[in-house]
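Participant: Each chain, letter by letter, is given below.
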Amino acid sequence: GGDGTSSQSDAPSFAYVTNGIDPFWDLCAAGVRIAEKEFGVSCEVLMPPKGVVDQKRMMEAMLAKGIDGVAVSPIDADNQTPFLNEVCQNTILITQDADAPKSDRLVYIGTNNYKAGRALGGLVKSAIPDGGEVMIFVGRLEQLNARQRRQGVIDELLERPMQDLDQVKFDSVDSVNLSAEGSKYVIVDTRTDNFDKAKAKSNAEDAMTKYKDLKCMVGLFAYNPPACIDAIKEANKLGQIKVCGFDEQDALLQAIQDGHAHGTISQQPWEYGYESIKMLKSIYEGEQPANKYFELPFLVVDKSNIKEFWEKKKKMAELGKQG
Amino acid sequence: MGAVSSPYLEVKELRKSFPGVLALKGVSLSLAEGEVLALIGENGAGKSTLMKILAGVQPADEGDFQVKGEAVSFRSVNDAMDKGIALIHQELNLCGNLDLASNVFLGREPTRGGLIDEPTMRREARKYLDLVGLDLPVETIAGSLPIGKQQLVEIAKALSSNARVLIMDEPTSSLSQKETETLFGVVKDLREKGISVIYISHRLGEVIELADRVTVFRDGENAGDLAGDEINHNNMVKLMVGRDLSEFYDRKVHESGSIVLNVDQVCTPAFPASSLSLEVKSGEIVGIAGLVGAGRTELLQTIFGVTPALAGTIEICGELLALDNPRTAIKAGIALAPEDRKQHGLVLPMSVRENTSLPSLKRDANRGWLNDAAEAKVTNTAVKSMKIKTPTNEQIARFLSGGNQQKIVLGKWLAMKPKLLMLDEPTRGIDIGAKREIYKLMEKLAGEGMAILFVSSEMEEILGMADRAYVMHEGTIAGELDRDQLSEESIMHLATGNLVAA
Amino acid sequence: MKKNILGIFILLVAIFVITAMINPKFLNAYNMQNLIKWSSLYAVMSLGVAFVIITGGIDLSIGSVVGLVAVVLSICLKLEGMDPWSAIGITLALSLLIGFLHGVLITKAKVQPFVVTLCGLLVYRSMGRWLTDNQSIGPIPLEGDAGYANLEQIQGLDFVFSGKIAIGSFNLPTPAIFLFVLCIAAAIFLRRTIWGRYLFALGNNEEGTRYSGIDTDRMKILAYVLCSFFAGIAGILFAFELDSVQPAQTGEFYELYAIAAAVLGGCSLRGGEGTVLGVVIAAAVIRLIYNSINMVGISTHLEFGILGLVILLGVIGDEFLKKTVARKQAAQKA
Amino acid sequence: MKKNILGIFILLVAIFVITAMINPKFLNAYNMQNLIKWSSLYAVMSLGVAFVIITGGIDLSIGSVVGLVAVVLSICLKLEGMDPWSAIGITLALSLLIGFLHGVLITKAKVQPFVVTLCGLLVYRSMGRWLTDNQSIGPIPLEGDAGYANLEQIQGLDFVFSGKIAIGSFNLPTPAIFLFVLCIAAAIFLRRTIWGRYLFALGNNEEGTRYSGIDTDRMKILAYVLCSFFAGIAGILFAFELDSVQPAQTGEFYELYAIAAAVLGGCSLRGGEGTVLGVVIAAAVIRLIYNSINMVGISTHLEFGILGLVILLGVIGDEFLKKTVARKQAAQKA
Ligand SMILES: Nc1ncnc2c1ncn2[C@@H]1O[C@H](COP(=O)(O)OP(=O)(O)OP(=O)(O)O)[C@@H](O)[C@H]1O
Ligand SMILES: Nc1ncnc2c1ncn2[C@@H]1O[C@H](COP(=O)(O)OP(=O)(O)OP(=O)(O)O)[C@@H](O)[C@H]1O
Ligand SMILES: [Mg+2]
Ligand SMILES: [Mg+2]
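Protein chains in written order, with my numbering: chain Y, 62 to 384; chain S, 170 to 671; chain V, 5 to 338; chain E, 5 to 338.
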């Protein structure tokens, strides 16, 4: 809990606003907690349950409380810009996880999702070096980071040149059987599930029915890879169809350890929390950020480093629990 | 009979209040074994309330209640059933989605191995349905039956509980003559077997025929008892209303004028195969007699546009109308006081004012704005001319007695000044005082030149009120009887399908 | 009727006072403005669904209508570069059409309101996603959009629908004015016109009302049209307030808020009961709860739970209050 | 009654045939297994809500109950290291308790079912998030979890609840067996026992049923208990099927699927009507639509819309079919 305002009234109080409710954000909260202690600040972690409306009202409430700084993951950056600017006028605003480049936010802390996508594409290549059919599973494609990740995977597999993060050109959401000369890979389809895990699993099952020669499933949101693994396991195709994923759900980590999944890209969410608070504190104390973009490194996790990574994640999950 | 033995069931000084109403102000009643006790009183006297207490449907506030000399207080219907008391409710309470056998044995299904023993249940149900003269298959879905037949099922249900005391709350209000006679046979049979019956009715003729003793309620109190030879029309009326009511049907001969309603070869959805024709002139009171289910309600509803005709034409004052909903009918000057007062006649949770003004709101409104003055006038006129007994115009209709509710229905139509007033069972469930007022009103309106068409299952009413009557049988007009041809025999003849007019 | 409002009003005051005591910043003007703004937005929807609930119906599609209207508005303004007032007109016409469709399906095809509007919930959501390819969109055009030419006018609209009007040092959010006007209109409609009377009558007894010569089907259709229309207005207000529309998310669950507010505000789902003031206060209570949770600093995981409990206890308490009053009156008479 | 099933059955066959024609892979054994599995999972919930709908009630909390049960089960098995069968027992007891609570609030505190279960929807979702701190959790313990000691037993459970039984070359998913047993039990209960009879009776005429000496309150409570119990079983099945539970999302919206299936399957929301077979077929139709959309390759944006239209047309068609049959019968008689 972040009931910091009343107990330590002289210490700066910040708000860390997510874009929704997700375990990912609780791992970020762990970083927030670490930073809270380390820098002697207090911070509320707010998770808007239903999109832009709740995000707006929560930030308004924070402004009303007289908060000293906000780190937010804007849901719809372009259109939210006027409101974000309003926040800027009243307090320190930085963005994290997703950026709002047109707003007056002081700095953006985030992973380069396009690069991360390319790294994921690299994992796919090492999983099925002989090429074949690949399919992408994702919760929603309306989020920029999801589209960037997807594009990164596609570009890497189709051997396209590296694109600039700000100007990524996207393949249509509905495009099927993407392939290119000089590439051994075909991206047969992308399926969304709107955050319904049951749907995610049945999407994976339907994919196996429809595409007999599917070689690799790529899950872009945390719950996608475990859903794919489940479906593959039940179809007795473990090993035949590889899984590469994003994020760090336990089931995925277990599968990597057991050799049932090839690897994953972790954004190390706790770093988000930690760096955001660190940044807010330094700006609060008058320092100007050197750069508008603070790129957080991502981590490629596979069999080689799974043990230590999982240990760390467990520790963070414990820390991130809300009072 | 039970003169010497102590009463089987006895209540003393029973009180019961509802929010805003003191329904029973300390009433007493006793019932001997094998006795048929009639309980009479005006609407709202508290008869049904007491019966519900006796049957465990609702608890009394205070008072003594003994069965076989043993004090009891029922907390549920089952408690009452254990003591052998069964109630046939005034309102129908069948489950429309279940078949007859299931309804008869609802709550008392025979089981075998934990499952319902359908064959036994059907066999047993057959017995009781035969007893009340219902020869439909036991698999018939209850909801598909007309009200009268449903009432018989209710009676069969009560009989099947093998009760020692059977309470019948206005059981004949929707029964035909023939069915009523069957019921009387059943009641007399029960008396022979030593089963006691409490019989509630507003039809004093029935009381005279059946009752060993009569208890009269007035305003939630005992008004007196009558036994043996004392049971006659005048005595009962005196106790009920506290004064004499002579000259019940105060008829004059009416001057009939031009034809107001002309129904020609109309087919109703209930009887698509048969068509009917009739006419009503202004200043005339025309009755429609017939057995329950003969299609009388259906006919009135068709004229009123509720269930549009399948074929044929209807003319009002010579004008051909396409009556496909009540609005057109009302515009043409037709009004209907429906048979089912609570469902179709009133909006029970609304006030006397809101109910009375409902049809005339639009006429009186100014471009859709409510016209308070006009509304108040309509209400006041209705309350005064109909003698509606209500504390204020804001009283909720649900809390008024049946008679007063019926008067609201009439009042709201009179405000529309209809050319043709149709009344479907205008006095069903209405006490004798109110009944008389409604008859007077019909007289007065006819005298003013209104055309009146009414349906009644009460022979007396047809004989007493109609200038002319049509008798219906299975969806057709079996015959037309003029004033001087009207008699109980001639009506029954036609109603039972004997087309040779007497 | 007044008893109804009393209960919910007490609840409003109680939560208000408690929150203010725990965190005095709750009372500052900025927070009050926000509270008024959000309450107004949600109250508009709740008011709309109240018409339907009064007739004994239900509308589960409100949230999806809000979403679809916001989407269509944004497409017209931003992508199509349509004349701003025509765009508003089209979206409102759309919402009227939806309500009309509901009404016709319910009265003529005789499908139950729950089913019709549940299907509506699914279909309109799907339409919104399909129209936009599920991409976020906002009503205000950015450079390069076809609507950029109308930018000034659109910003004017933005002010009309989501601006603030300074009254002394207090900035009154414009949605509050919309709510106020709609409230007065709704109250007059329900209590002073024959159509309002008919809605109550048919909610209490549809057959009986029909037998009195009232076109109950038309009145029911009217109720659904009004409900969707109010949802349409809410959709426009939300679009301008948020400047951003998520086709898959905007409006999700709002029908539940709206219905909850209507019920908490004294509408009976059985029909025939309800007051404008009660519904508006109840909508404010729900927003107040959310605000309080944030101001007091309670874990957001508990938000839903607290809301659920308050609604439940509110409804039970209201029932209890009504009973007690009725009993006392009876005792006085006896 | 048979007319009801006929309509929905025709729909099932039609969609089946059309999909198979467009994409023959639809028919392969693996896809059929999946279809059976998902249909079974959703049908269990739909069956549960049918009890409540037959009494004329409604349960909006099913999805949240599924989520909460899955969360509690996972906590017991994985984190607490509880004896697996006790854990199953506790979760089922929890679902029974929830149903009991609903029933008591509805019958004793006289709160409308819509309100009680709407609050339930909010509260249980919140509880699930709060209990887990919103972390994803699965029923199967991993190394280091307290439940790891019971791993073998839990994997046994996993097989029971989400395994497959080979019948020749066809692998029958175990949820289908659960559904089969529950179906038979529900059908016997509804059609052959007095309690089932009472549920139908009170759904049609509550007063009348009470006057027949039946404890209608107790029967209503029973219906809600059964509904939550079936949701509880579905929760366990989902937990093992997905091996992972997201407290904020698992089960979201499932009540709408369940109610839609019940209605499409011939239950009337007015109460007193419904068949087990109809509901199960309808649940299968809904899953079939989803599967077909994937197989045929329609944009997922349209999923909801197609589902909504099919439900609406299905219900209208069913009504039409019934009327036609009734008219024919009447004509024959006349
Ligand atoms: N549930 C109730 N709530 C409020 N008032 C009631 C209730 N039941 C009955 N009453 C009132 O109690 C009084 C007695 O009603 P009751 O039904 O016993 O009369 P009754 O003698 O049976 O009349 P009728 O001949 O019309 O059937 C009436 O004033 C009635 O309005
Ligand atoms: N809408 C309808 N559809 C089909 N059958 C109907 C409909 N309405 C009535 N019936 C049937 O038509 C017949 C005539 O019913 P109606 O109510 O008109 O008779 P009635 O002579 O007025 O008898 P009662 O005294 O019971 O009112 C009955 O068998 C009834 O079941
Ligand atoms: Mg009575
Ligand atoms: Mg009749």
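You may find that some hints are simply not true.
[Unchecked claim] Calculated cross-link-like contacts (lysine-lysine; reagent style DSSO-like; alpha-carbon spacing at most 27 Å):
| id | chain 1 | residue 1 | chain 2 | residue 2 |
| --- | --- | --- | --- | --- |
| 1 | V | K112 | S | K531 |
| 2 | S | K421 | S | K556 |
| 3 | S | K553 | S | K181 |
| 4 | V | K112 | E | K327 |
| 5 | Y | K298 | E | K29 |
| 6 | S | K531 | S | K511 |
| 7 | S | K194 | V | K112 |
| 8 | Y | K111 | V | K29 |
| 9 | Y | K98 | V | K114 |
| 10 | V | K332 | E | K114 |
| 11 | E | K29 | V | K114 |
| 12 | V | K326 | E | K332 |
| 13 | S | K511 | V | K112 |
| 14 | S | K194 | V | K332 |
| 15 | V | K327 | S | K500 |
| 16 | S | K531 | S | K421 |
| 17 | V | K114 | Y | K163 |
| 18 | V | K114 | E | K112 |
| 19 | S | K553 | S | K531 |
| 20 | S | K511 | E | K114 |
| 21 | E | K332 | V | K332 |
| 22 | E | K29 | Y | K245 |
| 23 | E | K112 | V | K326 |
| 24 | V | K327 | E | K112 |
[To be verified] Covered by chain E, according to a simulated footprint, are these stretches of chain Y (three or more residues, beta-carbon under 8 Å):
| id | stretch |
| --- | --- |
| 25 | 74 to 84 |
| 26 | 144 to 151 |
| 27 | 219 to 230 |
| 28 | 323 to 329 |
| 29 | 367 to 381 |
[Stated by the list, open to error] Sample of chain V residues with no beta-carbon within 12 Å of chain Y, all distances over it, derived:
| id | residue |
| --- | --- |
| 30 | A33 |
| 31 | Q37 |
| 32 | A97 |
| 33 | R195 |
| 34 | A252 |
Since the hints were made in silico from the structure, they are not lab data.
These numbers were taken from a predicted model, which means no experiment stands behind them.
Heads up, the beta-carbon is just placed ideally off N, CA and C, and yes, glycines get one too.
Participant: Which numbered hints does this structure break?
Facilitator: As far as the earlier hints go, 3, 7, 9, 11, 12, 15, 16, 17, 18, 21, 26, 27, 28, 30, 31, 34 are violated by this structure, in ascending order.
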